[in-house]
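Colleague: Reassemble the complex: the two chains are provided individually, in unrelated frames, and hints are given to aid placement.
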Amino acid sequence: MDKSDSLFIEKLYHDYHRLMFKQARRYFQDQNQLEDIVQLTCLKLIRYLPTIRQLSRNTLATYIVSIVRSVSIDYYRNQDTARTTSFIDLDEGFEENLRDPFDMVDLEQNTVIIEKLKRVILQLPEEDRLALLGKYLYGWSDSELAGSLGIKAVTVRSRLFRAKKKALQLLGDMDEA
Amino acid sequence: MKRNTHKPDDFDRLLKEAALQAAETMGQQYLEEAEKDAYYPSFEFNQRVRKMIEAETKPSAPVPLFQKLYLSFSKAALWILLVLIVLFFAIPKVASARNWVTKLVMESNPKYVTYYLQETDTVIDSLDNSEKIFPVGAYYPSYIPEGFRLRLLNYDGSSITYRFVDSKGKLVNVQVIGTGETMNLDNENLEEDSIEIVNGYEARYTLKLERHCLIWTTENYIIFVNTNLSKEETLKIANGILKTR
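Chains as they are written, first to last, in my numbering: chain A, 1 to 177; chain B, 178 to 422.
If we strip away everything but chain B, and leave its shape as in the complex, we get (with noise of 0.2 Å):
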């Protein structure tokens, strides 16, 4: 047999005339051998036959408009169900989707709403934006000094806490108490003790193990204010509490 090195590309496209050729003569001794067969089919088999080719061939009918609207809105209301579903799981999982979720049903609900804090880490450092923050005729404390952040912010009905703390671990705590409510406070071993004058009232300030407390009374709420900074820096942020107005 001779060999040479032709691509096989080449031989699959003698392989295609070959076996069109090929086709051809078994077609041929097929259709001999079945011209040869005596078997006919039955009548009602060529009908069924005959009745299925008119079926599987008839064009298909064009839709009509309202079957197309209502084709449309289904899968409309499909792709909103399938949205929906995923919304429902994602909005508890994902945080920001949560707060953005619950910034827009108290923003579409004012009157239901007293407050929210956008975010937990909010420096409160301007007369302005407290403002727009606490309800009408709650103290809060307008000056803290820079570099604190609102860790805490407590709303129970009566009384109000705020706690800021900075990155070296100082502390600012704020208590606004109601009259109804009762507080204890750390009498012994006091390494201070003294009378100071806040915002016109008069406030007893202590100092005990580098805490400095102050604290004070207004017409209905006891304010405590108890910091690690120095006197000057707590005397400061207490007479920065002021009442929303």
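Here chain A stands alone, though its shape is the one from the complex (with noise of 0.2 Å):
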């Protein structure tokens, strides 16, 4: 770490700040719970530092909801207050080791393709949203991927999988439309 990280760092706050306490509102409403959310994010932001440097402004700022999701479940727990629906684990119990068929759209015009991936990307719940984006875009590990979802590390891949399966249903709809 040097002078020009924690100039980076303190720019970022000063940026993101208002982003960080409104994606942190989604979860809690206490304002002392929420200055700890931030803080505990800008924490986490200082470990990720190579990763979110080479980020785009608007690509850092979904990146930063993440971090803000990841790391409220982890106060939430930490906290043992009572769960929300959000956060609990929907793939526990979820058949493990499934198969990764998939039965893939044409592939000739990719960057049709990649426009429309990204619309049903946004169209998709946010869960698996955040599980492709952290898996493909900040590829996060299994155990880094469990905590920002809020499930168990074994349930991850299954999570994927059901994620990158509703994708492509909608691009089948999509295309079919």
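To be clear, the hints were calculated from the coordinates, so they are not data collected in a lab.
Take the hints with a grain of salt, since some may be wrong.
Claimed, not checked - Below 30 Å or equal to it, Euclidean Cα-Cα: the simulated DSS-like pairs (lysine-lysine) are:
| # | chain 1 | residue 1 | chain 2 | residue 2 |
| --- | --- | --- | --- | --- |
| 1 | B | Lys408 | A | Lys3 |
| 2 | B | Lys420 | B | Lys408 |
| 3 | B | Lys193 | A | Lys165 |
| 4 | A | Lys152 | A | Lys44 |
| 5 | B | Lys235 | A | Lys22 |
| 6 | B | Lys193 | A | Lys166 |
| 7 | A | Lys22 | B | Lys193 |
| 8 | B | Lys408 | B | Lys385 |
| 9 | A | Lys22 | A | Lys11 |
| 10 | A | Lys165 | A | Lys3 |
| 11 | B | Lys213 | A | Lys22 |
| 12 | A | Lys44 | B | Lys213 |
| 13 | A | Lys152 | B | Lys193 |
| 14 | B | Lys245 | B | Lys228 |
| 15 | A | Lys44 | B | Lys235 |
| 16 | B | Lys245 | A | Lys3 |
| 17 | B | Lys413 | B | Lys345 |
Modeller: Below is the structure:
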């Protein structure tokens, strides 16, 4: 860490603190808790400094949203308060080791497909979207993804599988339409 | 929907591209929403975060030499302690380790050690070896027939007992008894009873139930030899009993 890192994080806090607070308010209402979440988010972002330095402004915003969520889940669990439905581990007991047999859509025109996929990702439920972004954009490990999604590490794969399956389904629907 | 047989890797690659674009779009939305938000954190909180950032991003100070040495010494001491603990538990349990340590202690303290046995099945077959093993002035059997191994050596301060056995169950007992001690002899129903000369001393020879016994006295000791070998071998063993110098 050097001075430039310190300045980078300070600027990041300056530019994105409102986003952090807004996202934190999705999970907590108490002022002290909100501040804790934002502070912990900054702390976590410092650890991911090499990654976040490479992200564009908007992608960084999405990344921060994911981190706020991840921190909130951790905080929530540590507080030992009652769970809300958004953090329930939906994949508990889900069949593991599923195969990944994608019947692919035509990939000849990648640009078109990517555009469609982007729209599909935006339509996906938040958890699925975060799973795909964490996996394919942020390069998170299974345990990091699990922390961010509020699920167990062993269920990350099935969550990803389902997210991809949903994406393909939506892609198919889009083609048919 | 069209279907094909492309590998999932292709889809993953496309998904990565799409995820990047989706993140851009989403990020834009998030930022726009946040801009509309009229929330401003307190000055105190801003200061707190800045201090935290400063503390977390502060370059770590180089460790002083003394501290490095102290840490190295602590690590070394810890390892030595661990090794000692392991040895402490291993030595009493592992026979070879126990023997090695005992030997080490004895060799490093020759003043306090009279003698020791390196192995329990040592064969005493030459005068040279025996002299190294027994204390000065002690009687020891310099001749024992081939194939015999020492199974018992007992020294209680005034008497020494040697017991040798072979793989066929043959036995040689030699007892060197101090003059202050007593011993009992079976004189009933002897098959043979005679006087023989052993190393210039008169020795009484008896045979009963295939046990050949020879007993004689020297200046300070009674020497008793008992075997289930032949009379000739028994006499040979008796004549081989020497005194270390």
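Colleague: If a hint holds in the structure, say so; if it doesn't, say that too.
Modeller: Hint-by-hint comparison with the structure:
| no. | hint | in the structure |
| --- | --- | --- |
| 1 | B:Lys408 / A:Lys3 | 101 Å, violated |
| 2 | B:Lys420 / B:Lys408 | 23 Å, holds |
| 3 | B:Lys193 / A:Lys165 | 15 Å, holds |
| 4 | A:Lys152 / A:Lys44 | 20 Å, holds |
| 5 | B:Lys235 / A:Lys22 | 29 Å, holds |
| 6 | B:Lys193 / A:Lys166 | 16 Å, holds |
| 7 | A:Lys22 / B:Lys193 | 27 Å, holds |
| 8 | B:Lys408 / B:Lys385 | 12 Å, holds |
| 9 | A:Lys22 / A:Lys11 | 18 Å, holds |
| 10 | A:Lys165 / A:Lys3 | 45 Å, violated |
| 11 | B:Lys213 / A:Lys22 | 10 Å, holds |
| 12 | A:Lys44 / B:Lys213 | 26 Å, holds |
| 13 | A:Lys152 / B:Lys193 | 23 Å, holds |
| 14 | B:Lys245 / B:Lys228 | 29 Å, holds |
| 15 | A:Lys44 / B:Lys235 | 15 Å, holds |
| 16 | B:Lys245 / A:Lys3 | 26 Å, holds |
| 17 | B:Lys413 / B:Lys345 | 20 Å, holds |
Violated hints, in rising order: 1, 10; the structure is consistent with all others.
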